[in-house]
Amino acid sequence: MSETLKQEYQRDTLKRVKLPNFAGIFSIKKLMNLTIPFIFPLVLLGLWQLASDKGWIAEQILPAPAVVYQSFLDLIDSGVLLEHLIGSLTRVGIAFVIASILGVGLGIFLGISRRAEAYIAPLFEVYAQTPVIAWIPIGLLLFGISEKLAVALITIAAIVPIIMNTYKGVRYISKNYLEIGNVYAFTRWQTIFLIVIPAALPSIFNGLRYGLTQAWLTLVAAELVGIDRGIGAMIVEARNLFQLDIVLVAIITLGIVGLVLDKLFVLVERRFLHWQRRGL
Amino acid sequence: MKKTILKFLSVFIAGLSILSSLQVQADEGKPVVIRIGFPGTGTGNRPIVGGSPLSTAHLKGWVEEEFKKDGIKIEWNHFKFAGPGINEAFANKLLDFSYEGDLAMIIGKAGGLNTKVLAGGGVRIPVAIAVPNDSPIKTLADLKGKRFAVQKGTAIQLAEVRALAKAGLEDKDVRAVNILGANATDALQTKDMDAVISIPYSFYPLRDRGVAKIIYDSQKSGDTDIAIAGGFIGDDAFIKKYPDITKRLLKVFVKAAQYSSDEANRNELFKLWGQDGTGFQYYREVYNGATLAERQTPLLDEYWFGRFKDGIADAKKYKLIRKDFDVNGWVDKSYLEAALKELSLENNWTAYSYDGKPIKH
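Listed in order, the protein sequences are those of chains H and L. Residue -14 is where the first sequence starts when you use my numbering, and the numbers rise one by one after that. Residue 230 is where the second sequence starts when you use my numbering, and the numbers rise one by one after that.
Excised from the complex, chain L in its bound form (with noise of 0.2 Å):
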């Protein structure tokens, strides 16, 4: 018996020492592998997600082409899961980068992560619910005491219980049930859910086929603060350890998200990002009306500020989070401005004031 202990416990050290030596080899200067996460998979699970300058730079291959000298491998990671799966992979370490929804990443921190935000990358992004065809659910009004799919912990969420405050609701008025994406969807076809929020797109494929049809959208019933914001965030301590490989990966994000806010690149832009099984045709329709710049922009303007600051306390208040915490010393512009200077793009975005308008210079 003791022989046994002695056995498990010499195999155990020497595992420790062997992952432990794996941890100096990644010190010299630069890490073996940046490991950069994203919210979701494409449709069947296909390790892809269209929408962001993220997704961009991942699918022309920006990021593997400015590392590629270095002999650092990129490792994408899609997180079935999303935010909720993104915070538990900061937290045990396996993650470096991620592009998030806004929820998830106050989530993340509130609960104690040491992420910094680097860069924004998604602002205005509209969010609508959609019931079967045949539903008498016809205003944000009906859903009460309704089966209602909400992807939870995500930023889906937060605008869920922001749209039902907008009809005087609450969330435990209605039976909101945590299911993933693209589950979701097809309970709305089984009729298993009485409605479903999700960004307009994942709906799209319903409607066309009279499936479902979409009661609410935030963008045509001009709800911009029910609109979803998201960013791009680091963990700390690689931040810290490697600040000139951020610095060129920050480089990198923001030459993605000029490439995603030009308009000539619109037609391009969608097929790329329709790899992830939207298809072109859907992420057409859900920017009509829209300007790339102006949901792509990667700045950290007093726009992206007020979505988190009131994001973060809509979170405490409908108790998504416990505490709350201040958004300034949460965002670390400096890699994003030495970025935009040296690309000579600091005058490429406009800067938006907290209601939206636009800062004239």
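Next comes chain H alone, as it looks inside the complex (with noise of 0.2 Å):
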């Protein structure tokens, strides 16, 4: 060994001999990792205090934090908040499953097809990038001011991610496992079912799981007309009786029920792949 090689390794050993954490610092350094994730919600909490003690924002624009928790108690007391989130949960849920369907047989379609990727995939290319709300004309047309249009227009947002990740997730499946397919002799059936979705699965879930976000998302603007039950029509007939309490609180909630449908869907998506996990 020469000697430079000598110091390097010695060096090397050295850092190796530091690395180990100090219980203390480690803990530390877990506080503040739960912690963190605190802080700029509570400093934004401290501004929306701020603005409306020192009256930055008039109370009619932006009410006192305050108040807004008594209108969400008082919401939640009166069933009023319940009824409304029934009403967008039904709605988000029909269009998710409508959009699953229709997005995951569109998507193994698009990806076992040379034709059909060629001919389709193109389209769907532009279809994905178009926003929700261009489409509410058209969707006025067909379902006028209805519960359809609602759900369609979910419906179309969630889904683009569905095809988008199933598409990609069969299109791009290991060769090797089609190979196995083929020593085997399946059957173009025996193929798609034993290895082309099982290989797929965990894009395919991706695919569900951002459909899902999507449709949550768009919710609101679906809502805007005609509905008389759901989030977003709570949104609209508080804007209109001016009382801005209560479209924050539809807006926090938004958020929580969001995220709890997120957390939920990783929930089942672990149950349906823990052999995924395992095998890793």
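Hints listed in this document are in silico derivations from the structure and should not be mistaken for laboratory results. All values reported here derive from a predicted model rather than from experimental measurement. Don't take every hint at face value.
Straight-line distance between alpha carbons at most 25 Å, and here's what the computed DSS-like set of lysine-lysine pairs gives [to be verified]: (1) H/Lys133 x L/Lys401; (2) L/Lys395 x L/Lys469; (3) L/Lys469 x H/Lys39.
Two chains, two frames, a set of hints: combine them into the complex.
Here it is in structure tokens:
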């Protein structure tokens, strides 16, 4: 061993010796990690309180946090919030189921068939770039001001990531898997159900998860017109009645419920894909 | 990073100082601009809304005329979202005066807006409910469980809850959906809505084409308690700062109210207002059997106070506002009285009592 190499080796081992953390530092770090997510919201809350104390923004536009909190409790108490939430969840649920069935189906079709890919994929890529709001005039003509319109708009938004991820997942399956299928002389359907879908499942789930997020994000826009029960309708009505505290309650509810839905989805995904996790 | 933040801050501060210097310019005894609001727009979003003394003043150009010599610009704002839009504009200090229907005015005040009522200019304004021509809905009670378009937060909503109450129904007994005026009548045509409530003349074109039928008209039913009232309001800070300007504006308003109340102008007036897309014929029809003066009166008489007292109580009762307030503290009659005196119009209009009967002098 040359001199320099020896030195480097020593430096390396020295580094390695220093590596272990002290228990104390470790727990502070852990504490920091737990606190960090709350710092920014708390600063915002403080700013919000300050802004309403100092009257920077008219109370009619930005009510004080305490007022919003009280309205939140009142709306939960009276069952009004739950009623609107159920309306919205039902709508999103229906739209998501439709988007999932159509999206996964079309995604697999695009992934398997080169011809379908050649014909449909370019058009789909264009469609994926259109904002949901742009579909409202056509939706209005097709469905009128109705529940169907809201569901259709949410479906339009949710289906994009579902198709995209399913299609990519199916399209780029490892060739090795397919070769194994060939060895076993699988039929086309066997290949699809025993190889393609299981292999693409993580990607499909990814798409479904984004689809759900998109559905939830589109909810308010979809409920702006012609809906009597729903968080979006609640926002419209509260705005018209100049009750911005209720608008804020609705926004906060949207955020919290959206997050919960996403976390729930991850749980479902874990159950379905536990074999994959174990394998890793 | 630090540099960018500093840069951003300096731009922000520069922006603020420019804004505040603009404010200073506006403070020299008179405003640079007077911003006046109207609830709604005319047909096809045209910036004309007829039906009130303020409409007459707007269409005749009398406000511009009054303030031309001072170089004060008049800015007319037509709010597509009607009363709720006006309230937001007042809250954001984007509006100085406005004409507004009762519920929106009440909601704004209950929500803490610092407005003052300066004049009336609209009472006994009828509302109607229409359904598609082949609809089985015949009475108010039939509306139960139906999709019912209501422009929420406007005077129409107060009329809606009151009309439903007549039939023993509540807002939650119908599927009340918020839709803007023209969209609501369109929805009637496409049958997306089972019923729509609005000002009667918005249904006349559909009725004449055999698309819709009017199942309820507050005027024909003699339901004066369901009719809409309105008023001319101003931002208190503006009024305090420019009392003379306010006084002059009220003079124009009263002059316009006089024109709009004079039966000799009936045809001329409906033609003028008809420019909003409603048309001469339909204004004439909606005023059938009514005098101009009884609806266009600028007076803040006992009848007007009664309408608003009841309006506040009903808005509270139907949970459209959360805290009530005293109408007396909201009204400042002094500008109206000064204008009436100056124009020698103190006795031009009949004052009505709470129950709508003329007060004999």
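What are the numbers of the hints that this structure violates, sorted from low to high? 2
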